[in-house]
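Colleague: The sequence shown begins at 167 in our numbering and counts up by one.
Since the hints were derived computationally from the structure, they do not count as laboratory data.
Remember, predicted model here, so these are calculated numbers, not experimental data.
Warning: the hint list may mix true and false statements.
Mimicking PhoX-like on lysine-lysine, the simulated pairs with C-alpha atoms at most 25 Å apart in a straight line are [as the list claims (entries may be wrong)]:
(1) 262 - 424
(2) 424 - 547
(3) 262 - 223
(4) 678 - 565
Simulated restraints on C-beta separations [claimed, not checked]:
(5) 480 - 438: 36 to 46 Å
(6) 416 - 309: 51 to 61 Å
(7) 705 - 574: 35 to 45 Å
Glycine included, each C-beta is placed from N, C-alpha and C at the ideal position.
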Amino acid sequence: MFNFRNYITGTALSVSLLLTLSLPASAQVLPKPDPEPPKGWQLMDLKENGFYGISLKPAYLFLQGKKSKTVVVATIDSGVDTLQKDLKSILWVNTKEIPGNGIDDDHNGYIDDIHGWNFLGGPGGKADFNETTEEVREYNKLKGKYASLTDTNAIDKKDYAYWKHVKTVYDTTINKAHTETEQLQPIMNALMVTSGYIKKGLNLPANGTFKQADLVRLKMTNDTLTQSKYVWDSIFSQEGSNQNNAAIIKDLSEYLAKLNNDLSPDLEARKRIVGDNVDSMDHKPYGSNQLKFSDASHGTGVAGLIGAIRNNNYGINGVADNVRIMAIKAVPNGDEYDKDIANAIHYAVDNGARIINMSFGKQVSPHKEWLDEAFKYAASKDVLLVQAAGNDSQDMDVKPDFPNDIFLDGSSTDADNLINVGASGPRLDEHLAGEFSNYGKKNVDVFAPGVKVTTVDTDAEFMTEDGTSFSSPITAGVAALLLEYYPTLSAKQLKQIILQSATPLTGTEVYKPGSKTIKVDFATLSKTGGIVNAYKALQIAAKTKGERVN
């Protein structure tokens, strides 16, 4: 995923200037990135490899000779590429449904749901995958009723207080969208132009792609090509040499589209495409069974980290070796709807998922009660929820995202079946905490690799990604691995074991997420103060008497 923060705060300004100045590339000074970690570092062992992965090799050595049981893991995400070579054979299959007959054979309310369901789907193969943030939707829905009111004349104080919160978040979001669009659009233009020069220099077709290794073949015939090469060298150094120009431009384009969705929102898209009422939990069927759209890259990458086929000389090795991925599309390029997530959790639980990965989050939740009920439903069925902490460099104890387990009825502030995961980097140094990662001693449970991790992509072998979105499925993969070999472990026990296995890194000084100057003790950034470790978790699991009632 294009790390736009690097470019807003530093590199982007240098790259933008590079195109307008007549100085040679050698005169430009760009920030020197950290050395790129090796492919698949997230699985490595600190002692053996020098990279702070999850120690998966010793985990599998520990499991030699043991038999496993298949575990169904649901991914509530942007969909999945069902033909991806590293994934297609591990997709969950609804054997009670006859493919393509247009009939709800198993009477679960979903027609032809072979590999999962798309809650953003509509007739004619369409999907509502370009959306606004929730605060933009809520602001426009409520402003007619509340914009003219004050604290004095508002009758319903609770509803008015909610409106004020929505407006505050909305104002912040819109201001940020304006600022980032102004900063990033010139960068987008620069990347498009320089990409064209590079492709011509490499004799590539207009739709051709290149990676950092290809740049050495360029013959520097003029200053423009020299500068273009320097721009892309710096971009690849930040984003990873495994990335190609098209993927980087696509990521930035999608982020700019997300900003534009807030600045110029299409507030009728959901109704026009899906046709349901998002403010009514009426249980009327909606959506489709089509799981791959142009935004499926994120969900495909998430699925790959959990269970991509191991040791097949292609792509990557997933964490778990005997899973089936139930793909549920409910997360657009924008904020998810509470209704969709609640229904997605119910769908996953009712169709046999034992673990649900949730790599999403937002700042406003108009129907939190629906999510609270769904979380409790998952707990009642002994299903583990694994959630990304978020990528805003903020303290979740002060400003939690939604959904969360701080239930409206006060029944929980720390659900036994929910793990909230922050993102860690590859090295045991001051950059160990991902600069973008949310954190919190109370509300973030543990960290896991999430900086320049390697996963699979739609129609591609592998890619490099940043985000707690990818720390979460790595943790879900560890949970699945535990459950494969120790199937009587309950969701509560899975959480306890994963947290217990994360050794507190007390005394390890790291840059506080969002800061390049302030250092904090890594152990203060989460409840455990440590990083997920598959080997240690399996050692604990082997000594734990399971509580699950099968």
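Colleague: Each of the hints needs a verdict: does it hold here or not?
Modeller: Against the structure, the hints come out as follows:
no. : hint                  : verdict
1   : 262 - 424             : violated, 38 Å
2   : 424 - 547             : violated, 36 Å
3   : 262 - 223             : violated, 37 Å
4   : 678 - 565             : holds, 16 Å
5   : 480 - 438: 36 to 46 Å : holds, 40 Å
6   : 416 - 309: 51 to 61 Å : violated, 34 Å
7   : 705 - 574: 35 to 45 Å : holds, 39 Å
The structure shown violates the earlier hints numbered 1, 2, 3, 6.
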